[in-house]
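Colleague: Sequences listed follow chains H and D, in order.
Per our numbering, residue 1 is the first one in the first sequence, and the count goes up by one each step.
Per our numbering, residue 1001 is the first one in the second sequence, and the count goes up by one each step.
Calculated directly from the structure, the hints in this document are not laboratory data.
Remember, it's a predicted structure, so these values are computed and weren't measured experimentally.
Heads up, the beta-carbon is just placed ideally off N, CA and C, and yes, glycines get one too.
One or more of the hints may lead you astray.
[What the hints assert, rightly or not] A few chain H residues that don't get close to chain D, going by computed Cβ distances all over 10 Å:
(1) ALA38
(2) ILE91
(3) VAL97
(4) PRO144
(5) ALA166
(6) LEU176
(7) PRO207
(8) ARG210
(9) PHE287
(10) ASP290
[What the hints assert, rightly or not] Residues from chain H shown here face chain D by an in silico Cβ test under 7 Å; the list is partial:
(11) ILE87
(12) LEU138
(13) LEU298
[Claimed, not checked] From the structure, some residues in chain D lie toward chain H, with a derived Cβ separation under 10 Å:
(14) VAL1266
(15) GLN1307
(16) ILE1309
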Amino acid sequence: MKDWRYWLAEQRGTLLALGIFFVMFVIYTSNHPAGFTANVVQTASNKGVLLAFVAMAQTLVVITAGIDLSVGMIFTLTNCLASWLVIGTGIETAFGVVAVLGTGLLCGAINGAIVIYGRLQPIVATIATGAVFFGIALLLRPFPGGSVNEDLADALTGRLFGVVPASLVVLLVVVLVVWVPFSRSVLGRAAYAAGSSEMAAYMSGVPIRRGKFAAYALAGLLASIGGLFLTFFTYTGDAAYASGNTYTLFSIAAVVLGGVSLFGGKGSAIGAIFGALAFRTIGDLLFVFDFDPLWQPLFQGVILLIAVSLGAFALFRVRNRLEWFL
Amino acid sequence: MSETTIGGIANRMPKFIRRADPAVLTAFACIVLLLFVGSLYSRSFLSPEYLLQQLKVASFLGVIATGMMLVILLGQIDLSVPWSVAVGAMMACAAAAYGPAGVALAIPFGIFCGVLIGIVNGIGVAYLRIPSMIITLATNAVAQGLMVVYTGGFSPQDSATGAMRYLATGFAIPGLPNAVIIWALIGAVTVFALTRTGFGRAVYGIGNRERAAYLSGVDTRRVVMIAFAVSGGLSAFGGVLLAGYASKAAQSMGDAYLLPSIAAVVLGGTSILGGRGSYLGTVAGVILITLLQSILSVMQMPEAGRQIIYGVVIVAMLLLYGRAPASR
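Could you build all of it, start to finish, from the sequences and the hints given here?
Modeller: Below you can see the structure in the form of structure tokens.
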């Protein structure tokens, strides 16, 4: 009898994010001129999935009580790389996809090595590596351009059986292949433990370094899947500084909305996915209500501000003032 | 055995070197190295005019990094610098469009807007206990949204006032740019505040252990709030100076100041965990970063290469002396 209560308490953040997303999506589709059709769902899911991948990447790092301010730049870099490599015959395209994903993994591994083995603070280290990744992206694509295997792109951003958006299916597959095994493995538990209390985890003989390293490296991989999808979506590569920064920022917003604790050790990538979808839907609400698009950055900023301020409600439960200073 | 030898050598050195932070010394050594590398590239690199020009460019970063240093000493970080800079510049230029009173109040108004951003940050960090990294990112996004709505997505057409241009490019003392004097004044006030006032002691105390500072009777929340407000105000003032330098404000003018300001503070030996660091180090860090940028542009490095070298150098220098102690 108690089991489901524990489960509910553990998944509260995820369920809340699911609820927010559901309500927002209902408001969105019911006010959309075209209504709830396969087309509307497909467009919404294609846009949402991009952020969902980056948000999953951010989740992995945030769980270890770190932060990765370079996810947006890995996303941009792999987008530029994919616009060169993911083209040509089937085998060439497959090779390109592997190369792009490998690059993402490598970028994440570099972040992890610098933060864990170099013992630098994640904020400063990932801002600096982000500059490097953006520089490489700019080398690859000084001007927007390039192309992509359009058959593959159309297949992955289209619909399966005319109804189900293919991008959602890919997202599900990635969750099953990357997130579920990781979160259930020893390394995944080590990442959670390191975020919850690094000292206690170390004393208990948990492999915290390997766990954190795996989290950073997989974050790079997930960000590169996002970059790959951006290429499928736009057919081009574009080294845009503002876009990379925006994705980093939105990934943090999505993680917070998804109930992942920024102090580490709590939350799941599933929650972050719903957080990302909810954040995108909220941003798009302006369009269905015919607001000037100029207001969108302000609207999203205010939502982000409200989302991060919600965490402050925990203060009202604090009995001892010394607990302010954790 | 070896410790006594090192102690013996250290005792024979002049007192000011013994007392100096090794990180600050490393930073100054890197400055000398950069000057040497630069002089190999171009004869004019060591000429007084060129160095003074570099110091002038450095003073914009110096003003912004001063605020960043205060916040980092608390163990926090201010990621709202890009749009605090832009807000300061845009609002000062906007005020200038409202007649003589607007022209007179342009600079205070720009700084005031930056202080407002800083106060929102401060309330979030000090009273709502939101991690500073997150709340400052959020206020940065809100400030950007406000400016996009205000300007309609284009760079504003209002231009800087004469006073702003004078502060950024004029010479009150012949041969010494005003911007450098301003940086020196702000630096002097900061050094005084950090080393001679209760506020400064509270800042270092909070950076070391906020709980202990609170139990010692320091109103830690007010101190944190003031530090963030000062940081926002100084970022905006940096923006005002930059607008005076370029004689108008631009959308993304602040983007180029986030990483450099953090890097300058951290390379100057201030611990990113807070509680440790000196203003002399920040001065060294600012000059170091400015010289690095200058050399890269003298070498006509394209933007891409500049970003890469920049990131690599910062990581490398941090690995040299910015590492956290090995736990356990």
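Colleague: Work down the list of hints and note, for each, if the structure agrees.
Modeller: Now for the hints, and whether the structure bears them out:
1. With a minimum CB-CB distance of about 33 Å to chain D, ALA38(H) clears the 10 Å threshold, and the non-interface call stands.
2. For ILE91(H), the non-interface assignment is confirmed: its Cβ lies about 31 Å from the closest Cβ of chain D, beyond the 10 Å cut-off.
3. No Cβ of chain D comes within 10 Å of the Cβ of VAL97(H); the nearest lies about 24 Å off, and the non-interface call holds.
4. Once the 10 Å rule is applied to beta carbons, PRO144(H) is consistent with being away from chain D; the minimum gap is 14 Å.
5. Distance check for ALA166(H) against chain D: the nearest CB is about 31 Å away, which clears 10 Å, and the non-interface claim stands.
6. No beta-carbon of chain D is positioned within 10 Å of the beta-carbon of LEU176(H); the least distance is around 30 Å.
7. No beta-carbon of chain D is positioned within 10 Å of the beta-carbon of PRO207(H); the least distance is around 14 Å.
8. Even its closest Cβ contact with chain D, about 16 Å, leaves ARG210(H) beyond 10 Å, as expected for a residue assigned away from the interface.
9. Residue-level check passed: PHE287(H) sits 16 Å from the nearest beta carbon of chain D, beyond 10 Å.
10. For ASP290(H), the non-interface assignment is confirmed: its Cβ lies about 16 Å from the closest Cβ of chain D, beyond the 10 Å cut-off.
11. Evaluation of the ILE87(H) hint against chain D yields a violated restraint, the C-beta minimum of about 22 Å exceeding 7 Å.
12. Satisfaction of the interface hint for LEU138(H) is found here, the shortest Cβ-Cβ separation to chain D being roughly 4 Å, below the 7 Å cut-off.
13. The restraint placing LEU298(H) at the interface with chain D holds, with a minimum CB-CB distance near 3 Å, inside the 7 Å limit.
14. With its C-beta approaching chain H no nearer than about 6 Å, VAL1266(D) sits inside the 10 Å limit, and its interface hint holds.
15. Hint status for GLN1307(D) relative to chain H: holds, with the closest Cβ pair at about 3 Å, below 10 Å.
16. Evaluation of the ILE1309(D) hint against chain H yields a held restraint, the C-beta minimum of about 8 Å falling below 10 Å.
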